[in-house]
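**Student:** Sequence:
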Amino acid sequence: MYKIELRTPNLGISNFSFNRIVKSVYQLANCAFFAAYDKDYKDLSTIKQALKKDMDVTVLIDDELALTGYVAAVDCGYMNKKPSLSVKVNTYAGRMVKASVGKGFYFTRQKAADVVSQLVSGYPVEFVNQSTNDVVLPVFAVSSTDKIEKVLNHLARLSDTLIYSDDAGRLVMTDKCRDKYTASALITGE
Numbered sequence: 001m002y003k004i005e006l007r008t009p010n011l012g013i014s015n016f017s018f019n020r021i022v023k024s025v026y027q028l029a030n031c032a033f034f035a036a037y038d039k040d041y042k043d044l045s046t047i048k049q050a051l052k053k054d055m056d057v058t059v060l061i062d063d064e065l066a067l068t069g070y071v072a073a074v075d076c077g078y079m080n081k082k083p084s085l086s087v088k089v090n091t092y093a094g095r096m097v098k099a100s101v102g103k104g105f106y107f108t109r110q111k112a113a114d115v116v117s118q119l120v121s122g123y124p125v126e127f128v129n130q131s132t133n134d135v136v137l138p139v140f141a142v143s144s145t146d147k148i149e150k151v152l153n154h155l156a157r158l159s160d161t162l163i164y165s166d167d168a169g170r171l172v173m174t175d176k177c178r179d180k181y182t183a184s185a186l187i188t189g190e
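Under the numbering used here, the first residue of the sequence shown is numbered 1, with each subsequent residue one higher.
Don't take each hint at face value.
[Claimed, not checked] Taking lysine to aspartate or glutamate and the DMTMM-like style, the derived pairs with C-alpha atoms no more than 20 Å apart in a straight line are: (1) K111 with D75; (2) K81 with E126; (3) K103 with D146; (4) K88 with D75; (5) K82 with D54; (6) K150 with D166; (7) K3 with D54; (8) K88 with D146; (9) K82 with D134; (10) K39 with E64; (11) K98 with D54; (12) K88 with D114; (13) K3 with D38; (14) K88 with D43; (15) K81 with E64.
Read the hints as simulated data drawn from the structure, not as lab findings.
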């Protein structure tokens, strides 16, 4: 059995009745959901008071980092006529999903990593470029109403890279795997 813990700077909480951690290398909005029920109401109320919206948290699985982000929602109520507490955690990169760029940009002769760095500079997320790809984009234009996730996806395609949110909550740009797996028609799609 895994030990799953929700940790804040002042508090570590485990032994939830229900845990769900949603992570994928293909999405920016990694998240986690925790629920506790059939517990003492006073304990749940104390935990709710300790967890504030937008508080920094980490999610650990067997003391290994699984997710870093903030408390998106905390709700204390009743489930099946018993006291319950639910907590939702989102990554900071998730705030970019469905968000508009905000102002237009026109880039000439810039590397994709430099463009990404400039686009995400207004968000509380660290950008890490692990890509060896030095492709210079001749021209790249972004309008103020473009969605950041779509712009990042377009940049990843143009630069042949992968952009994702890692366990530490950073936005990472890395090279795509070049290996062609040919062991099975199921894998290659042929």
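**Student:** Now, for every hint given, state plainly whether the structure supports it.
**Tutor:** Verification of the supplied hints:
| no. | hint | verdict |
| --- | --- | --- |
| 1 | K111 with D75 | violated (44 Å) |
| 2 | K81 with E126 | violated (43 Å) |
| 3 | K103 with D146 | holds (9 Å) |
| 4 | K88 with D75 | holds (9 Å) |
| 5 | K82 with D54 | violated (27 Å) |
| 6 | K150 with D166 | holds (19 Å) |
| 7 | K3 with D54 | violated (24 Å) |
| 8 | K88 with D146 | violated (27 Å) |
| 9 | K82 with D134 | violated (57 Å) |
| 10 | K39 with E64 | violated (26 Å) |
| 11 | K98 with D54 | holds (19 Å) |
| 12 | K88 with D114 | violated (32 Å) |
| 13 | K3 with D38 | holds (19 Å) |
| 14 | K88 with D43 | holds (18 Å) |
| 15 | K81 with E64 | violated (35 Å) |
In summary, the structure is inconsistent with hints 1, 2, 5, 7, 8, 9, 10, 12 and 15 from the numbered list given earlier, while agreeing with the others.
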